[in-house]
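J.: Single-letter residue listing:
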Amino acid sequence: MAKFAATAQDAVAGIQDGATVLIGGFGNAGQPMELIDALMDCGATDLTVVNNNAGQADAGLALLIKERRVKKIICSFPRQSDSWHFDTAYRAGEIELELVPQGNLAERIRAAGAGIGGFFTPTGYGTMLAEGKETRVIDGKGYVLESPIYGDVALVKALTADKKGNLVYRKTARNFGPIMAAAAKKSIVQVSGIVETGQLDPEVIVTPGIYVDTVVEIAPQAAEGEAH
Amino acid sequence: MSEKLSREDLARLVAKDIQPGSFVNLGIGQPTSVSNYLTAEQDITLHTENGMLGMGPEAHGDEIDQDLINAGKVPVTEVPGASYFHHADSFAMMRGGHLDVCVLGAFQVSASGDLANWHTGAPDAIPAVGGAMDLATGAKDVYVMMSLFAKDGTPKLVQECSYPLTGVGCVTRVYTNDAVFLLTPDGVRVRETFGTTLEELQSKMDIKLLPPTE
Numbered sequence: 001m002a003k004f005a006a007t008a009q010d011a012v013a014g015i016q017d018g019a020t021v022l023i024g025g026f027g028n029a030g031q032p033m034e035l036i037d038a039l040m041d042c043g044a045t046d047l048t049v050v051n052n053n054a055g056q057a058d059a060g061l062a063l064l065i066k067e068r069r070v071k072k073i074i075c076s077f078p079r080q081s082d083s084w085h086f087d088t089a090y091r092a093g094e095i096e097l098e099l100v101p102q103g104n105l106a107e108r109i110r111a112a113g114a115g116i117g118g119f120f121t122p123t124g125y126g127t128m129l130a131e132g133k134e135t136r137v138i139d140g141k142g143y144v145l146e147s148p149i150y151g152d153v154a155l156v157k158a159l160t161a162d163k164k165g166n167l168v169y170r171k172t173a174r175n176f177g178p179i180m181a182a183a184a185k186k187s188i189v190q191v192s193g194i195v196e197t198g199q200l201d202p203e204v205i206v207t208p209g210i211y212v213d214t215v216v217e218i219a220p221q222a223a224e225g226e227a228h
Numbered sequence: 001m002s003e004k005l006s007r008e009d010l011a012r013l014v015a016k017d018i019q020p021g022s023f024v025n026l027g028i029g030q031p032t033s034v035s036n037y038l039t040a041e042q043d044i045t046l047h048t049e050n051g052m053l054g055m056g057p058e059a060h061g062d063e064i065d066q067d068l069i070n071a072g073k074v075p076v077t078e079v080p081g082a083s084y085f086h087h088a089d090s091f092a093m094m095r096g097g098h099l100d101v102c103v104l105g106a107f108q109v110s111a112s113g114d115l116a117n118w119h120t121g122a123p124d125a126i127p128a129v130g131g132a133m134d135l136a137t138g139a140k141d142v143y144v145m146m147s148l149f150a151k152d153g154t155p156k157l158v159q160e161c162s163y164p165l166t167g168v169g170c171v172t173r174v175y176t177n178d179a180v181f182l183l184t185p186d187g188v189r190v191r192e193t194f195g196t197t198l199e200e201l202q203s204k205m206d207i208k209l210l211p212p213t214e
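Going down the list, the sequences are from chains A and B.
Heads up, the first sequence is in my numbering, so the first residue is 1 and it goes up one at a time.
Heads up, the second sequence is in my numbering, so the first residue is 1 and it goes up one at a time.
If you are wondering where the hints come from, they were derived from the structure by calculation, not from laboratory data.
Everything numeric in this text was worked out from a predicted model, so none of it was measured.
Don't take each hint at face value.
[Claimed, not checked] Derived coverage of chain B by chain A (criterion: at least 3 residues anywhere in the stretch with Cβ under 8 Å from a Cβ of chain A; other residues may be distant):
| id | stretch |
| --- | --- |
| 1 | 4-14 |
| 2 | 78-89 |
| 3 | 158-167 |
Ideal Cβ positions, reconstructed from N, Cα and C, are used throughout, including at glycine.
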């Protein structure tokens, strides 16, 4: 049953050193910036972070990397024009990178939440990202065995939650949120608004509350101010 | 045609070749410009891998919404009939063969359709793959848009790619400023040339080129 935290700091309390943290977002869309900032403040270190990217500019995940709190990152696209903190850490050999094609990253996270022990995917077959992995030819097509990515914690941003923890998202800010919420032992969600149970149409709920452990409301004005 | 195609004309040609009613993903960079030449009559639905079908043109001014971006993280718009879905669904739709066409850029393409477009192989480069390998694998047709020759004059449509591969045997057509190539089970067939001839191209390339079919 979802619990409601008063602040982002309360929501992330209890994240342990060495935890694997799934962080939602693609670019700024769906990035749970206040939860990431709270993770920064709570001091947890030696983290494995799963995100599409490896932090941008001088905010959020980039600052966690700058402070060397992330020992390993699993992502699809670390190198960006403003990924200087990752670039520096990587070149210094101070962060481990597991590079995963974006669709394999998403499916590996989905598999974890769905109880799948592994799956054969065509993506990456015959490339250097499949080196050392088990492969199989099925009906004449090559596939690579990929494993699930479980999280100890997921940090997700959604638009609205009800009191049961049911979630709806907004446009392309949905991205990794629903699959990360399902793949972590504890999913922590920041939302722009909370409504009474029954006020969300059951037909439009994207993440059922069964996947949600902690919800914190972050006023959208503040969220936008941080994102820019 | 008597002249090499401009970048705009190349984008126009790719757009014209996409069948009406298709579901299409346009890669970041030059392929994105194809959308400028798709017509309303073609009724093409654009997919963006960060979770949307029915993507409209780039957003400007008041239209800009930070929750509505494309795979290149550029603010875009939605068209009537658009839909949103999470990342795993978005790539399942691609991997599952539901997209008709994907248009990508490339460093190299091999005669058998291998694609190299994600990594130069430079040992000190920070690798980044994004959705490139998924895009290469999933669509029914993968069209590549690129220059036919590198700056040093070496052809980029080759017998075997020297750059790290993105996908194996996935490319079906290559659109260049000099010619359009169809990668068929018979070999590489020249569909049309622009400001050059099959003979001239053959003299500059190391792969066997087949003439256009009637």
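J.: Going through the earlier hints one by one, which of them does the structure break, listed in rising order?
T.: Hint 1 alone not satisfied by this model.
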